[in-house]
Structure formats: C-alpha cells, structure tokens
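A.B. asks: Letter by letter, the chains look like this.
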Amino acid sequence: AQKVTQAQTEISVVEKEDVTLDCVYETRDTTYYLFWYKQPPSGELVFLIRRNSFDEQNEISGRYSWNFQKSTSSFNFTITASQVVDSAVYFCALSEDSGSARQLTFGSGTQLTVLP
Amino acid sequence: ETGVTQTPRHLVMGMTNKKSLKCEQHLGHNAMYWYKQSAKKPLELMFVYNFKEQTENNSVPSRFSPECPNSSHLFLHLHTLQPEDSALYLCASSQVLTSGTDTQYFGPGTRLTVL
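Protein sequences, first through last, are from chains A and B. Sequence positions in the first sequence follow the working numbering and run 17 to 132. Sequence positions in the second sequence follow the working numbering and run 58 to 172.
Simulated from the structure, these hints should not be mistaken for lab results. Among the hints, a few may not be true.
Stated by the list, open to error - One-sided and incomplete, this derived list gives chain A residues near chain B with beta-carbon spacing under 10 angstroms:
id : residue
1  : Val20
2  : Tyr49
3  : Leu61
4  : Val62
5  : Arg66
6  : Phe84
7  : Phe107
8  : Ala109
9  : Ser111
10 : Gln119
11 : Thr121
12 : Ser124
Said to hold, decoys possible - Here are the simulated BS3-like cross-link-like pairs (lysine-lysine), alpha carbons at most 27 angstroms apart as the crow flies:
id : chain 1 : residue 1 : chain 2 : residue 2
13 : B       : Lys93     : A       : Lys54
14 : B       : Lys93     : B       : Lys79
15 : A       : Lys19     : B       : Lys79
16 : B       : Lys97     : A       : Lys19
17 : B       : Lys79     : A       : Lys54
18 : B       : Lys75     : A       : Lys54
19 : A       : Lys19     : B       : Lys93
20 : B       : Lys98     : A       : Lys19
Note that the Cβ used here is the ideal one computed from N, Cα and C, for glycine as well.
Construct all of the structure, not just a fragment, from the sequences and the given hints.
C.D. replies: Written as structure tokens, this is what we have:
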C-alpha cells in the first residue's frame with residue numbers, strides 16, 4: 017500500500033526566511049510519481065510539480081526547489097526567501113504508474129504561515 | 058472560463074434537502090474526480106470517472122450519487138446528508154495517458170455545511 021507522510025503539521029516563519037517542507041513516501045512500485053500541491057485559503061489545490069521515480073535530479077523554479085532522494089524515500093520542498101503570499105497548506109502526493117485514472121495518495125498537509 | 062470550475066462555492070443545506078454540486082473542466086481532459094476534504098483529515102477520493110465511466114467508488118455512502126454526462130461535466134447529487142458530511146468537496150480532472158501517470162488539476166471546491 018502507498019503512504020505519504022508529512023510530519024510537520026504547522027510551520028511558522030518570518031518573511032524572507034527559507035523553509036523546507038518534508039515529505040516521506042512508501043510504495044512497493046518501482047515506477048511512481050510524486051507531486052506537490054499548494055492550497056491557499058481560497059481552497060483550490062494548485063499543482064506545483066510532478067516528478068517520476070527515474071528522475072532524481074533536483075529541480076528549481078524561482079524561489080521553489082525540490083530535493084528528491086530515493087535512498088531515503090523523500091521528496092522535500094524548499095521555499096527560499098519566503099513571502100506572505102506563500103502562506104498556505106502544502107500537500108505532497110504519490111501515484112503509481114498506470115494507464116488509467118488513478119487516485120493520488122495525499123499526505124496530511126503542512127500549514128505554512130509566513131509572518132510579515 | 059478556464060481550468061476547472063465548481064458551483065456553488067458555498068452551500069448550506071438541511072438533512073432532508075436534495076442538492077447537487079456541479080463541476081466543469083475546460084482542459085479537454087478525459088477523467089474527472091470527486092474528493093472530500095474534512096477538517097484535520099487527508100483528502101479522500103470519492104469517485105473517479107474515466108472516459109465517462111465510473112472506475113472507482115471508494116465505499117462512499119449512497120446518499121452521495123455522482124453523475125458524469127460527458128467528459129467535461131461532473132455532478133455530485135446529495136440527499137439526506139448528515140452533519141458529518143460537512144466538508145470541502147473538490148473536483149479534479151486529468152488527461153489519462155496510455156502509460157505513465159496523469160496530473161490532476163483541481164477546482165476551487167464547494168464548501169458544504171449540513172445543518
């Protein structure tokens with residue numbers, strides 16, 4: 017069975033600080049996909065990134081970066097120079113390789129609050 | 058309209074009411090999903106429609122009834138709900154591929170309160 021653990025329930029930082037959100041996953045599949053979504057107070061889940069299990073290259077997109085390490089089954093998300101607009105709940109999710117519509121296994125989310 | 062839209066955004070209903078939630082996707086996708094997000098719980102998948110056919114029903118009570126008339130529209134019909142059904146109901150869509158996996162894009166959700 018698949019499982020995603022986000023051990024940090026809530027994190028609070030001051031603007032311009034860097035913050036890392038942890039994500040640890042469990043799966044028996046050799047091919048799988050990892051995702052991060054952002055849920056601002058408005059409620060909509062906004063897709064941020066998707067990585068497949070064969071691509072362990074770290075990725076950077078502006079102030080966002082992701083560190084994927086298969087050896088520790090982790091897919092951590094770092095926000096550099098955080099801003100108040102980054103305040104949201106962040107979800108890590110996992111799906112298996114499939115040719116049909118499949119459910120995402122979500123973690124419980126990390127509530128990030130960036131204080132001015 | 059772009060992306061995934063949901064109406065209404067907020068709904069308050071009594072336990073004896075019948076109401077429907079509507080989701081529409083403008084992304085040309087072929088799969089649609091209903092999720093339930095309760096306070097302090099992970100997102101729960103309720104239903105999956107792939108090419109308009111329901112492919113998953115995760116033990117959802119019969120008081121929730123989905124309908125997918127075409128690949129762009131998805132409804133969730135509600136009747137005789139319980140207060141514990143109060144939650145944010147999220148719709149998502151994706152383009153299912155023959156291999157690999159798809160990325161799900163979400164709507165803004167309907168905040169449901171059952172009195």
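A.B. asks: For each hint, tell me whether it holds in the structure or not.
C.D. replies: Cross-check of the supplied hints:
Here the hint on valine 20 of chain A is kept, as its CB sits about 8 angstroms from the closest CB of chain B, short of 10 angstroms. Proximity of tyrosine 49 of chain A to chain B holds as hinted, the smallest CB-CB distance being about 5 angstroms (cut-off 10 angstroms). Because the smallest distance between the Cβ of leucine 61 of chain A and any Cβ of chain B comes to about 4 angstroms, under 10 angstroms, the interface hint for this residue holds. A least Cβ separation of about 8 angstroms between valine 62 of chain A and chain B falls short of the 10 angstroms threshold, and the interface hint therefore holds.
This hint holds: arginine 66 of chain A has a C-beta 5 angstroms from the nearest C-beta of chain B, less than the 10 angstroms allowed. The restraint placing phenylalanine 84 of chain A at the interface with chain B is violated, with a minimum CB-CB distance near 15 angstroms, outside the 10 angstroms limit. About 7 angstroms separates the beta-carbon of phenylalanine 107 of chain A from the nearest beta-carbon of chain B, less than 10 angstroms, and the hint is met. About 8 angstroms separates the beta-carbon of alanine 109 of chain A from the nearest beta-carbon of chain B, less than 10 angstroms, and the hint is met.
Residue-level restraint check for serine 111 of chain A holds (minimum Cβ-Cβ distance to chain B is 5 angstroms; threshold 10 angstroms). Hint status for glutamine 119 of chain A: holds, given a least beta-carbon distance of 4 angstroms to chain B, under 10 angstroms. The beta carbon of threonine 121 of chain A is positioned within 10 angstroms of a beta carbon in chain B (closest approach about 8 angstroms), and the interface hint is therefore held. Checking serine 124 of chain A against chain B by beta carbon gives a least distance of about 5 angstroms; that is within 10 angstroms, so the hint holds.
In summary, the hint linking lysine 93 of chain B to lysine 54 of chain A is supported, as the alpha carbons are separated by about 16 angstroms, within the 27 angstroms threshold. Only pairs whose Cα atoms come within 27 angstroms are accepted, and lysine 93 of chain B paired with lysine 79 of chain B is accepted, the gap being roughly 14 angstroms. Distance hint between lysine 19 of chain A and lysine 79 of chain B is unfulfilled; the C-alpha atoms sit about 30 angstroms from each other, more than 27 angstroms. A threshold of 27 angstroms between alpha carbons decides the hint, and for lysine 97 of chain B with lysine 19 of chain A the separation of about 17 angstroms falls inside it, so the pair holds.
Restraint check for lysine 79 of chain B and lysine 54 of chain A: satisfied, since their Cα atoms lie roughly 23 angstroms apart, inside the 27 angstroms limit. Restraint check for lysine 75 of chain B and lysine 54 of chain A: not satisfied, since their Cα atoms lie roughly 32 angstroms apart, outside the 27 angstroms limit. Pair hint lysine 19 of chain A plus lysine 93 of chain B holds up; C-alpha atoms about 18 angstroms apart against a cutoff of 27 angstroms. As the CA atoms of lysine 98 of chain B and lysine 19 of chain A are separated by approximately 14 angstroms, the hinted pair is consistent with the 27 angstroms bound.
When held up to the earlier numbered hints, the structure conflicts with 6, 15 and 18 and fits the remainder.
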